[in-house]
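Undergrad: Residues per chain are reported as follows:
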Amino acid sequence: MSEPTAETIVFDNVSKFYGEVLGVNRVHLVLAPGITGLVGPNGSGKTTLMNLVTGLLKPSEGSIRVLDLPPDRPELLFSEIGYCTQYDAFPRGMSGYQFIYSFLRVHGYVHGEAERLTWKALERVNMTEAAHRRLDGYSKGMRQRVRVAQAISHEPRILVLDEPLNGLDPMARAEVSRVFEQLAGQGCHVIISSHILHEVDMFSDQVVFLSGGYVVAEGDVTGVRTDIEENKPIQVLVRCDKPGLVATRLFAAGAAVEVGLSEDLGGLLTRTRDPEKFYLLLNDVVLGDDVTIESVSVADANVRAVYQYLIGSEGEPR
Amino acid sequence: MAVYDRTYRRYQGPVTSQTWRFLVVSHYVLKDVFKSKLLVFFYALCFVYPLVLGVSIYLRNNLDRLGQILPQEALEQFQVDAGTFAGFLYSQGFLAFFLTVVIGPRLISRDLANNGLPLYLSRPISRAQYVLGKLSVIFILLSGITWVPGLMLFALQSALDKGDWMTRHLRVAAGMTLGSWVWILLLAVIALALSAWVKWRPVAAFLMFMIFASGSFFALILNLLFFGGARERAWGYLVDPGRLIVIVWSGLLGTEPPDGPPVALAWIALAAMTAFLLWVLNRKLRAYEVVT
Amino acid sequence: MESIIELDGLSVHFGRLQALKSLTGSYTARSLGLLGPNGAGKTTLIHTLLGFHRPSAGTARVFGNDILHQDKAARALIGYMPERDSFIAGMSAVRFVRMMAELSGIPAAHALERAHEALFFVGLGESRYRNLEEYSQGMKQRAKLAQALVHGPRLLFLDEPTNGLDPPARERMIRLIKAIRDTGEVHVVLSSHLLRDVEECCEEVLILNRGEIACHCNLEEERRANRKFLELEARGDVDGYVEAIRALGVECVPYRKRRLKMVLPPEVEIRELYRLAAERRIEIRHLDYKKDSLQDIFLKAMEEKPAPAAQ
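Protein chains in written order, with my numbering: chain A, 13 to 330; chain B, 378 to 669; chain C, -16 to 294.
What the hints contain is simulated information worked out from the structure, not anything from laboratory work.
Every residue gets a Cβ at the ideal spot worked out from N, C-alpha and C, and that includes glycine.
Take the hints with a grain of salt, since some may be wrong.
As the list claims (entries may be wrong) - Which chain A residues face chain C? A few, computed with CB under 8 Å, are given here: (1) V42; (2) P53; (3) E288; (4) S307.
Stated by the list, open to error - Here are the simulated DSSO-like pairs of lysine-lysine, each with C-alpha atoms no more than 30 Å apart in a straight line: (5) C:K4 to C:K283; (6) C:K283 to A:K254; (7) A:K132 to A:K152; (8) C:K273 to B:K408; (9) B:K576 to C:K4; (10) A:K289 to C:K161; (11) C:K273 to A:K289; (12) B:K576 to B:K408; (13) C:K273 to B:K661; (14) B:K414 to C:K123; (15) A:K152 to B:K661; (16) C:K283 to C:K273; (17) C:K161 to C:K211.
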């Protein structure tokens, strides 16, 4: 976690309760610029956290400091933040263009500026063609893109997005992700909440894991993995044609504490306390025993694995 | 030991008849309708008048035996004829209207609001069968308080009467039954069309009242403006469904028609309204809205 | 093999907009992915096969049943899980699924049995007795799947089944879909924007674009053809390693963080990479064939002019 500076968003022991119901409890976070992925089951506090950052909610306990903005000037905060919620709600009868334009006018931009910024935002999400059609007539993906455009139109320094890729086809997903990466590259904070873990893995610089209203881990994913437990063995999945032989060699050399063969006998899952020794030994085994390797992957250096470990499969009540 | 694997299986068994399948829709709606104790109570209240009428019929036909206990003169005034059944239709018809206002609005609106139509229509059932299922609910419930007890009262009178009352009044039985059906159909179609068009129950209920209230209001205005208040040619009433149904009933039962257009015209006007509402229903009831 | 879906010049118009343009093809796969940008016609195709829209031209058959003239017979064999939230208010899951079974023609007593079976299969336990309005998103999705399965259809249309689900629920749903596919009793058509989901569950893929068929391909074959594209993560003297790999004639490019992408020419085997790694004490931490084959197929299909007839 980085140190608080004028560039960071700081949650200082923040708790939020709705009556007796827990939103988030004792959250301490320092978010650096870049893309922050917010991950967790439904009801874990992600929306609460986002509403706290955007100033829509006040914390029950603790305080939030956003960049260098004074806490008693909320209008400054709102002009620096863009928020795209998960709800597909919109005013009736408006076109995409009007939606963004009127929002900019409310922010205080004069007509000429507002128009320019509106088209700029629409271009970024590739919605210039359909801009004058009504929102009711849009497909879900088109509406999603317009809502993202609205969130970025006033060029905020902080962008908070709740499932922004929802409903987008694969090409649009790539396009919109690129927009986020560009913004992050310019020094903005982009906070994205998503359930699609491999995407979070791909574009996030840091990830925050929430569960039951608590932050259970945060940071760079590979860093999180090492922090979990220094001496926890890592799991490696190796798919090859002679799994039994490889297993024997690993045990003989003391490079693995546990090996399991996969059901189709086409691979093995290894636990090892000494990754370096393991990998170098694997090199020798492949060459010396003429093993054909299909794939090698670490079972837990990605968001999905960390999620599985920290949050698990606690699903809906049965 | 045998371990049983519960997994997905195809269905290979008997299949219910396609023609009557719409009743499945009705069955579940009825189950839902009768969950409300208030509604059950109200429905029970709708039988009060038929019961009172039944007792009256019984007493009227047994005056000679019960003469001493009862107010003879008053009861002798009470003739069981077309007028009695007309009155029966008015009162039960009115209650039927209220019943429809209570149960009608939610019939289709909830399915539309929760996007339930695709779930129905992705099955071997057509839109017509879906509507028929919902319509049957209204038909069943309203029949129970209109022509069914009506026919039972007719049968009671016929059984107690020692003369040829029945043969002289067959038209009344037929007229009352047909009249009920027309009223039920009209109410059902109005309720379903509103239910498909409007999401909120109070609004749909309000609109149902308004259809009748505004009908009367506009009829009045039209009569004053165009028909100069002439009684027989008060065709302003063509927009007043409440007045039209009474005209139709009087035509069927052979009683004195109220002011308004001739019976044939009243039938045509009602048929036109029904057709229009069915058209609205057809437009509104889609499995998937396409917005271009 | 009996064809499941047959399209013959199928066209659908909405007013002046042509949503489907003369689609032709015959599909027999156990699991078919349906992909395409928004507005391409995926949902329209599914809805047309279900009989929600009349074709303006051409025909289509499901298990040999014409969708226009034998639509009820066709629908008796189909199960549909809509994309949007769909349920009947005022009912518990059991009553809901049971009613759906009865509407599909199953007699009342059997319907109750099958409703419980379907609910068990999708993993709704005691909560099946609660009203659907109270359900969380994941439970609603599972109830939708249950009603699609309860009458034992032979063809299942799943439209964005993982919509709105959090990661554990998503994995559960994918597992369910694979289990359904693997029973061998039912064919699955999965329409989704998440290429990973489609890649995991489907053998064949049909890509639509602007109302026409852009591509119909078999994923297994594509994967086999993609054997030479690799992704590798190395620790150690990575720069030296990259040089050595390039010296072998392999195209090698750094990618994302710490990864290398490479294209192996036919004469170079993976063993060579290991040989170089052993020589330089490099740890190969990750090695895998490119998983994005479907993404490439998709992008390529979008660029090409849509083909008039598939396969």
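Undergrad: Run every hint past the structure and note whether it holds.
TA: Structure-based check of all given hints:
1. V42: 22 Å, violated
2. P53: 4 Å, holds
3. E288: 6 Å, holds
4. S307: 4 Å, holds
5. C:K4 to C:K283: Holds - the C-alpha atoms of K283 of chain C and K4 of chain C are around 20 Å apart, at most 30 Å.
6. C:K283 to A:K254: 37 Å, violated
7. A:K132 to A:K152: 21 Å, holds
8. C:K273 to B:K408: Given pair K273 of chain C, K408 of chain B is violated - Cα atoms ~56 Å apart, limit 30 Å.
9. B:K576 to C:K4: At roughly 35 Å apart (the allowed maximum being 30 Å), K4 of chain C and K576 of chain B break the hint.
10. A:K289 to C:K161: At roughly 37 Å apart (the allowed maximum being 30 Å), K161 of chain C and K289 of chain A break the hint.
11. C:K273 to A:K289: 27 Å, holds
12. B:K576 to B:K408: OK: K576 of chain B and K408 of chain B at ~22 Å, within 30 Å.
13. C:K273 to B:K661: Roughly 49 Å separates the two Cα atoms, so the pair is violated.
14. B:K414 to C:K123: 29 Å, holds
15. A:K152 to B:K661: Status holds; Cα separation ~22 Å.
16. C:K283 to C:K273: 16 Å, holds
17. C:K161 to C:K211: 27 Å, holds
In the structure shown, a violation is registered for the earlier hints numbered 1, 6, 8, 9, 10, 13, in ascending order.
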